[in-house]
Amino acid sequence: MNELTEKQLSELQRFGFNPELQRRWQNDIAEGRLSKATNAVGGDLLVPASGTIHKLPSVDTKAHAKIEQIGRDAIKNGELGVVVLNGGMATRFGGVVKGIVPVLGKSRTFLGLAVEDVLMHRKTANCNVPFYCMNSFATDEATKAHFKNHAQFGLTKDCITHLTQSVAVRMTKSGKIFELENGEPSPYGPGHGDFASSFRNSGALKSFLDGGGRYLLVRNVDNLGARIDPLVLGHHIQSGCDLTGELAPKWPDDVGGSPFQYLGRTQLIEQLRYPEGFDANVVDVFNTNTFTFSAKALDRNFDLGWYYVEKKVEDRDAVQAEHLIGEMTSHLSTNFLQVRRNGRRTRFLPMKTPEDLQSALEEIAEIYDGRDEEDDI
-7 MNELTEKQLS ELQRFGFNPE LQRRWQNDIA EGRLSKATNA VGGDLLVPAS
43 GTIHKLPSVD TKAHAKIEQI GRDAIKNGEL GVVVLNGGMA TRFGGVVKGI
93 VPVLGKSRTF LGLAVEDVLM HRKTANCNVP FYCMNSFATD EATKAHFKNH
143 AQFGLTKDCI THLTQSVAVR MTKSGKIFEL ENGEPSPYGP GHGDFASSFR
193 NSGALKSFLD GGGRYLLVRN VDNLGARIDP LVLGHHIQSG CDLTGELAPK
243 WPDDVGGSPF QYLGRTQLIE QLRYPEGFDA NVVDVFNTNT FTFSAKALDR
293 NFDLGWYYVE KKVEDRDAVQ AEHLIGEMTS HLSTNFLQVR RNGRRTRFLP
343 MKTPEDLQSA LEEIAEIYDG RDEEDDI
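Position one of the sequence shown corresponds to residue -7 (this note's numbering), numbered consecutively onward.
It is possible that part of the hints are untrue.
To be verified - Taking lysine-lysine pairs in the DSSO-like style, the calculated list, with each CA pair at most 27 Å apart, reads:
(1) K28 - K198
(2) K47 - K242
(3) K344 - K28
(4) K28 - K242
(5) K303 - K140
(6) K115 - K(-1)
(7) K165 - K(-1)
(8) K28 - K149
(9) K242 - K68
(10) K198 - K115
Said to hold, decoys possible - Between beta-carbon pairs, the in silico distance windows are:
(11) E347 - K140: 17 to 23 Å
(12) S325 - D202: 23 to 29 Å
(13) K115 - S325: 30 to 36 Å
It should be emphasised that the hints constitute simulated quantities derived from the structure, not laboratory data.
For glycine and all other residues, C-beta sits at the position ideal for the given N, C-alpha and C.
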């Protein structure tokens, strides 16, 4: 098998590259232990039991007011932090760093809007809400420059922490290092499953806990619906679980993992793990990749699986090994919460392409600029 040079290794190891793990993947691919077939679950996927998936209480009810107040109190006490998953290169946005793409005007970018949300709650509750960006080798430099060029969007530097996920290199279907046309390896970030280890190993978890932090909202940079919500936070706290996973109603043509009863517990199973011919529509909600964690539960190692993913790179087939943040539901007690995906209270508004963004501008402005129309039903 072809090998990385010392120079290449040195550059990759700046971002936590693990050569032993890389060699294991190469051997596993070459010998068939890591493939599309090995992604599939080893048991039955069953519909979750009735009552497993919860919904937020209706507005103007005592239950709503009680749960929302629990969340408001936690925010006011400085117990909430926000983590934005900002590691991917947006290939469908032309290969740019998506977090710095303008959304509403030149300065109101994906990351700028995420900070606006934090600043609004800091002001309302007169409290600290730490902001964390989990970047990657591909987004770290541009993201830090973006914050600097926009004066940290109004946050002081001590309120913002940049950390990086690990890096790996793509492989061929035979297990060799995939080389670009220029002869260099093709690096990539091996998935949002990096969150827990990266947050802990960077020292961010200890700092957060030492500062009185207790809960972390973890969200994708491109989900403009995933804002701080005292009601969602209060629901998480009241559940007593280590983790709350947000689920959206499934619409036609939606793709993504869903909660299933598997190996004795309800957990998120991503689509790449479905057995051949499996009907995923037996469950009518799916994973939004927005989570609330009780931070203490993250102070441990998680043995997440590695899965085989094929990508097109320079019009050739390449292979990645990835792990999934949703798989943490197989390790932590989980509160599954169905949320809205329409109206001003939507919590699921992902922007995967420039066309998505253009078609949703009015809805985005309504959400972030607070027009007073009634929510959609």
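So which hints don't hold here, by number, going up?
-> 1, 5, 6, 8, 9 and 11
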